[in-house]
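With the hints as extra help, turn the sequences into a complete structure.
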Amino acid sequence: RKEVEQDPGPFNVPEGATVAFNCTYSNSASQSFFWYRQDCRKEPKLLMSVYSSGNEDGRFTAQLNRASQYISLLIRDSKLSDSATYLCVVTHTGTASKLTFGTGTRLQVTL
Amino acid sequence: DAGVIQSPRHEVTEMGQEVTLRCKPISGHDYLFWYRQTMMRGLELLIYFNNNVPIDDSGMPEDRFSAKMPNASFSTLKIQPSEPRDSAVYFCASSNPGLAGVPTQYFGPGTRLLVL
Numbered sequence: 001r002k003e004v005e006q007d008p009g010p011f012n013v014p015e016g017a018t019v020a021f022n023c024t025y026s027n028s029a030s031q032s033f034f035w036y037r038q039d040c041r042k043e044p045k046l047l048m049s050v051y052s053s054g055n056e057d058g059r060f061t062a063q064l065n066r067a068s069q070y071i072s073l074l075i076r077d078s079k080l081s082d083s084a085t086y087l088c089v090v091t092h093t094g095t096a097s098k099l100t101f102g103t104g105t106r107l108q109v110t111l
Numbered sequence: 001d002a003g004v005i006q007s008p009r010h011e012v013t014e015m016g017q018e019v020t021l022r023c024k025p026i027s028g029h030d031y032l033f034w035y036r037q038t039m040m041r042g043l044e045l046l047i048y049f050n051n052n053v054p055i056d057d058s059g060m061p062e063d064r065f066s067a068k069m070p071n072a073s074f075s076t077l078k079i080q081p082s083e084p085r086d087s088a089v090y091f092c093a094s095s096n097p098g099l100a101g102v103p104t105q106y107f108g109p110g111t112r113l114l115v116l
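Chains as they are written, first to last, in the working numbering: chain Y, 1 to 111; chain S, 1 to 116.
Don't take each hint at face value.
Said to hold, decoys possible - In silico lysine to aspartate or glutamate, EDC-like type, Cα no more than 20 Å apart, as pairs: (1) Y:K98 / Y:E5; (2) S:K78 / S:E18; (3) Y:K45 / S:E44; (4) S:K68 / S:D86; (5) Y:K45 / S:D30; (6) S:K68 / S:D56; (7) Y:K98 / Y:E3; (8) Y:K45 / Y:D57; (9) S:K24 / S:E14; (10) S:K24 / S:E11; (11) Y:K2 / S:E44; (12) Y:K45 / Y:E5; (13) S:K78 / S:D63; (14) Y:K79 / Y:D57; (15) S:K78 / S:E11; (16) S:K78 / S:D56; (17) Y:K98 / S:D56; (18) Y:K42 / S:E11; (19) S:K68 / S:E14; (20) S:K78 / S:E62; (21) Y:K98 / S:E18; (22) Y:K42 / Y:D77; (23) Y:K98 / S:D30; (24) Y:K79 / Y:E56; (25) Y:K42 / S:D57; (26) Y:K98 / S:D57; (27) Y:K2 / S:D57; (28) Y:K42 / Y:E3.
Derived by calculation from the structure, the hints in this document are not laboratory data. Note that this is a predicted model, so its numbers are computed, not measured.
Set out below in structure tokens:
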């Protein structure tokens with residue numbers, strides 16, 4: 001079983017739709033959580049950190065549920081430019097600089 | 001500001017040949033990471049350095065892989081001899097957690113390796 005699991009998708013949604021991705025992690029010692037975005041044939045880039053109280057960045061909302069060990073990303077009013085792969089990322093206590101990536105969820109936003 | 005620089009961007013080689021991938025991290029970053037990405041396995045950490053010292057190489061697949069960081073501005077990942085199953089995109093990333101300890105990693109554009 002992978003340490004960080006994601007539904008690979010693809011999620012095909014029309015422009016303007018709201019879409020949510022979930023991610024589960026197996027290591028209860030996980031400390032920090034992030035969502036990275038990777039465009040086709042490009043490098044991953046940090047989208048946002050995930051805080052225990054939940055956090056928003058424009059159309060993007062991230063939430064963390066430590067008890068159930070899952071993280072979510074909600075995208076409202078999807079744009080064509082949101083089409084990408086979204087990677088769930090965790091770090092562990094004592095190894096804060098080492099990131100563990102999920103395999104990613106692919107999103108395709110269509111007209 | 002220049003980001004993480006990797007070379008070459010593409011490499012096609014024959015099985016058994018030596019392959020050397022190069023990385024220049026962002027100036028001032030004291031962590032450097034090497035990753036491999038494939039469709040089947042996703043993004044895997046191979047090795048990472050802190051202040052030029054290897055900290056964790058548990059992700060290095062086997063003895064055919066080696067990595068060095070002779071100074072703060074340069075690292076290499078070498079595969080010798082290369083095999084077709086090494087075909088992947090290899091990313092280098094750097095970070096500087098700083099006082100907050102938040103480890104945002106900045107990735108280079110990657111090297112696409114194809115071993116025939």
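Here is what the structure says about each hint:
1. Y:K98 / Y:E5: Given that 20 Å is the threshold and the Cα spacing comes to 17 Å, the pair holds.
2. S:K78 / S:E18: holds, 7 Å
3. Y:K45 / S:E44: holds, 15 Å
4. S:K68 / S:D86: holds, 19 Å
5. Y:K45 / S:D30: holds, 19 Å
6. S:K68 / S:D56: Roughly 12 Å separates the two Cα atoms, so the pair holds.
7. Y:K98 / Y:E3: Given that 20 Å is the threshold and the Cα spacing comes to 13 Å, the pair holds.
8. Y:K45 / Y:D57: holds, 15 Å
9. S:K24 / S:E14: This hinted pair is violated, its Cα atoms lying about 26 Å apart.
10. S:K24 / S:E11: Holds. K24 (chain S) to E11 (chain S) sits at ~18 Å (cutoff 20 Å).
11. Y:K2 / S:E44: holds, 11 Å
12. Y:K45 / Y:E5: With Cα atoms ~19 Å apart, K45 (chain Y) and E5 (chain Y) stay inside 20 Å; holds.
13. S:K78 / S:D63: holds, 10 Å
14. Y:K79 / Y:D57: Answer holds: K79 (chain Y) to D57 (chain Y) is near 15 Å, not above 20 Å.
15. S:K78 / S:E11: holds, 13 Å
16. S:K78 / S:D56: holds, 17 Å
17. Y:K98 / S:D56: At roughly 9 Å apart (the allowed maximum being 20 Å), D56 (chain S) and K98 (chain Y) satisfy the hint.
18. Y:K42 / S:E11: holds, 16 Å
19. S:K68 / S:E14: violated, 23 Å
20. S:K78 / S:E62: holds, 12 Å
21. Y:K98 / S:E18: Distance of about 28 Å is beyond 20 Å: violated.
22. Y:K42 / Y:D77: violated, 24 Å
23. Y:K98 / S:D30: holds, 13 Å
24. Y:K79 / Y:E56: holds, 17 Å
25. Y:K42 / S:D57: Violated, because 25 Å separates the two Cα atoms, which is more than 20 Å.
26. Y:K98 / S:D57: Holds - the C-alpha atoms of D57 (chain S) and K98 (chain Y) are around 12 Å apart, at most 20 Å.
27. Y:K2 / S:D57: Holds: K2 (chain Y) and D57 (chain S) sit about 19 Å apart, inside 20 Å.
28. Y:K42 / Y:E3: Violated, because 24 Å separates the two Cα atoms, which is more than 20 Å.
Consistency with the previously given hints fails for numbers 9, 19, 21, 22, 25, 28, ordered from lowest to highest.
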